[in-house]
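Heads up: the protein sequence lines correspond to chains D and X, in order. Reading the first sequence from the start, the letters are residues 786 to 959 in my numbering. Reading the second sequence from the start, the letters are residues 14 to 349 in my numbering.
Read the hints as simulated data drawn from the structure, not as lab findings. Beta carbons: idealized from backbone N, C-alpha and C, even for Gly. One or more of the hints may lead you astray.
[Said to hold, decoys possible] Restraint ranges, calculated between C-beta atoms of paired labels, are given here:
#1 213(X) / 793(D): 15 to 21 Å
#2 197(X) / 811(D): 45 to 51 Å
#3 793(D) / 288(X): 20 to 26 Å
#4 833(D) / 287(X): 51 to 57 Å
#5 793(D) / 291(X): 38 to 44 Å
#6 243(X) / 805(D): 46 to 52 Å
#7 240(X) / 808(D): 54 to 60 Å
#8 808(D) / 288(X): 34 to 40 Å
#9 155(X) / 863(D): 56 to 62 Å
#10 243(X) / 935(D): 22 to 28 Å
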Amino acid sequence: MTIANGSTILAADLNTMAQPALVNTRVDNTRLPGGVEFIATLVGVVATTPSYRSKVRVVVPVDMRVESIALQTSPGTVGAVVTVDVTGDGALPNFAMRSQVTLTAGLAKSSRRFFDNTMAANPGVNPELTSRVGRLLPRGSTITITVSAPANLLATMVTQVVIIGRSNLARDTA
Amino acid sequence: MKVIDNVGAVRFTAGDTVAPEDINRVFNYAADAIDDVSEKRYAICAITFPFVDDMATPITNASTTNLKYHRFVCPVDCMVLRAFVDGNMTTTVALNPLFVLAGTGTSPQGGTNPLLSIPIGAVVANDVNDINVQRMQLVAGQAYDILLNGTGFNAERLDVTLHVAVDRWMLAGAVNEPAFTPTRVIDEVTNAVVVAANIAAANTEAAKFSARGMACCLLLARNFHSATPATNLTFALPTYLAARANARIVRAYLSASATAAGTVTATVRNAAAAVVATLVNAGGTSLTTVDSGALNIPINAGNPSLSAQDFNVDFTATQVSPQVCQRAALLVWIEW
C-alpha cells in the first residue's frame with residue numbers, strides 16, 4: 786500500500802513493512818559460506834624428483850574450511866600410487882591432510898573428504914585416519930602441497946591437486 | 014501484541030494498538046539485520062601462478078619471453094591484498110618479478126614495482142620467498158601481467174601467488190557498506206510519512222545484498238600440441254558438497270602463447286560432460302587473452318571431487334609438433 790499522512794496502518798502493513806529487507810538478509814545468510822577452490826598442477830613428478838621441486842607452498846588468504854582434497858592424474862603405471870600431503874605451519878594440526886590416487890590407464894581421480902555433513906565413528910581417535918574430520922585453514926597459515934610418486938611413473942604425468950574450501954565473506958582485509 | 018525482547022522485535026496482530034516505539038522496534042531489528050550482513054564484505058582467494066612448467070626443466074633468464082609471463086584478468090574491480098613468491102633457484106643477479114598493466118608496463122594503482130624480489134646469492138635446495146603487502150586496486154577487464162625480470166636466475170621451482178579480494182559492495186555500486194538508520198517514529202502527525210520513508214530506505218539497502226563476492230581459480234596446461242594425449246590436458250573443476258556453496262561460474266579468461274600460429278581452445282564441461290563454455294584463443298605466438306563474456310553456470314550441489322560429478326576443462330591446440338602451445342591458462346571466476 787502507499788502510506789501517506791492520514792492512512793490507517795493495519796497490522797498486516799506492519800508485519801510486511803520490513804519484510805523485503807529481512808527476507809533479503811535471510812537469503813544472504815543462507816548463501817554462505819561460499820565455495821572457493823585452490824588448484825595446483827604438477828607435471829612430471831617421479832621418484833627421483835627432489836623434494837624442493839615437487840611441492841607448492843602458499844599462504845592461506847582467508848579462514849577456510851576444507852571440504853575435500855581432490856586429486857586427478859593422467860595415465861601412469863597402472864596400480865602405482867601417487868600421494869599428496871598438505872601440511873601446514875604451527876597453527877595447523879601436526880599431521881598432513883593426505884590423499885592418494887591409484888593410477889589407471891586413463892584419468893584417475895580420488896579424494897579425501899574432510900566434512901560431508903555426517904559424523905564418523907570415534908572421530909577423535911586417530912584423526913589422521915578419520916576421513917570426516919573437519920579441517921580449518923586459518924588465514925595467514927602457510928600450507929605446503931607435496932606430491933610424491935613411485936619410481937615407475939611417466940615423466941609427462943600430470944597431477945592436479947584441488948583444495949576445495951568453503952569460506953565466509955571476510956569482514957575486513959587486514 | 015507480543016514483544017520479543019531478546020531480538021528487539023514485536024509481533025502484531027489485528028486489533029492491536031501500536032505505540033510509536035513498537036514501530037521503532039521493528040525498524041531497529043531490520044537495521045541490525047542489515048548491519049550484520051553488510052559486514053560480510055570481501056570474497057578473498059589465492060591464485061598461484063607457476064612459472065616452471067614441469068619438475069625437470071628449470072626456467073632461466075634465458076628462457077623464451079612467453080614463459081616468463083603470466084596474465085591475470087578480473088571481471089570486476091578488485092584488490093590485490095598481498096603477493097608472494099616462493100621458489101627454489103640460483104641467482105647471480107637479483108630476480109624481480111613485476112606486476113604491470115598489460116600493454117603499458119605501468120604499475121597498478123597502489124602498487125610499485127618490482128612486485129617482489131629474490132636477492133642475489135640464492136642457491137638450490139634453499140627455498141626462497143618474498144612478500145609484498147601493498148594493496149593494489151585492479152580495474153575490471155584490464156589485463157595485468159606478472160613477469161620475471163632478471164638477468165641471472167635459474168629456477169627449479171618458482172610460484173607467484175596473489176591474494177585477491179572482491180568487495181561485493183563495490184559490485185553493487187556502493188563505496189560504503191549498506192546501512193539503514195531509521196528515522197525514529199514519535200508521537201506526531203507525520204508518522205505515516207516517516208514510516209514510508211523508513212520502509213523505502215530499508216528496502217533500498219537490503220536490495221544491495223544481491224551483489225555477491227567472487228573468487229577465482231587457475232587451470233593450467235603447459236607445453237602441448239595437437240597430438241598431446243587428451244588425458245594430459247583434462248583438468249577437474251570439482252563441485253561442492255552442498256547447494257549452499259552457491260557457486261556459479263560467471264566469467265573465464267583464456268590466456269595462451271605458442272611457438273607458432275594456431276588456436277588454443279579450452280572447453281568447460283559439466284558433470285554430464287555437456288559443453289557449457291568454449292573459449293578459443295587464436296592469438297598465436299604472443300601472449301593473448303580471450304574473454305568468455307558473462308556466464309551463469311552453477312557448479313554447486315555435487316559430490317565433491319568424485320569423478321561422476323566433476324566439471325572438467327579440456328585444452329586442445331592446433332599447433333603441430335615440434336611447435337607447441339607453451340602455456341594455456343584458464344582463469345575461472347566463481348561467484349559465491
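A quick look at each hint next to the structure:
Against the hinted window of 15 to 21 Å, the Cβ-Cβ separation of residue 213(X) and residue 793(D) comes to about 19 Å, which satisfies the hint. Checking the proposed 45 to 51 Å range against residue 197(X) and residue 811(D) shows it is violated: the Cβ atoms sit about 25 Å from each other. Range check, residue 793(D) to residue 288(X): Cβ separation about 59 Å, and the 20 to 26 Å hint is violated. Taking 51 to 57 Å as the suggested C-beta distance range, the pair residue 833(D) and residue 287(X) does not conform, at roughly 41 Å.
For the pair residue 793(D) and residue 291(X), the beta carbons lie near 59 Å from each other, so the given range of 38 to 44 Å is not met. Restraint check, residue 243(X) to residue 805(D): a C-beta distance of roughly 50 Å satisfies the suggested window 46 to 52 Å. Distance hint check: the CB atoms of residue 240(X) and residue 808(D) are about 56 Å apart, consistent with the given range 54 to 60 Å. In this structure the supplied range 34 to 40 Å holds for residue 808(D) paired with residue 288(X), their Cβ-Cβ distance being about 36 Å.
A beta carbon spacing of about 47 Å between residue 155(X) and residue 863(D) contradicts the range 56 to 62 Å that was offered as a hint. The hinted window of 22 to 28 Å between residue 243(X) and residue 935(D) holds, with their beta carbons roughly 24 Å apart.
Checked against the numbered hints listed earlier, the structure breaks hints 2, 3, 4, 5, 9; every other hint is satisfied.
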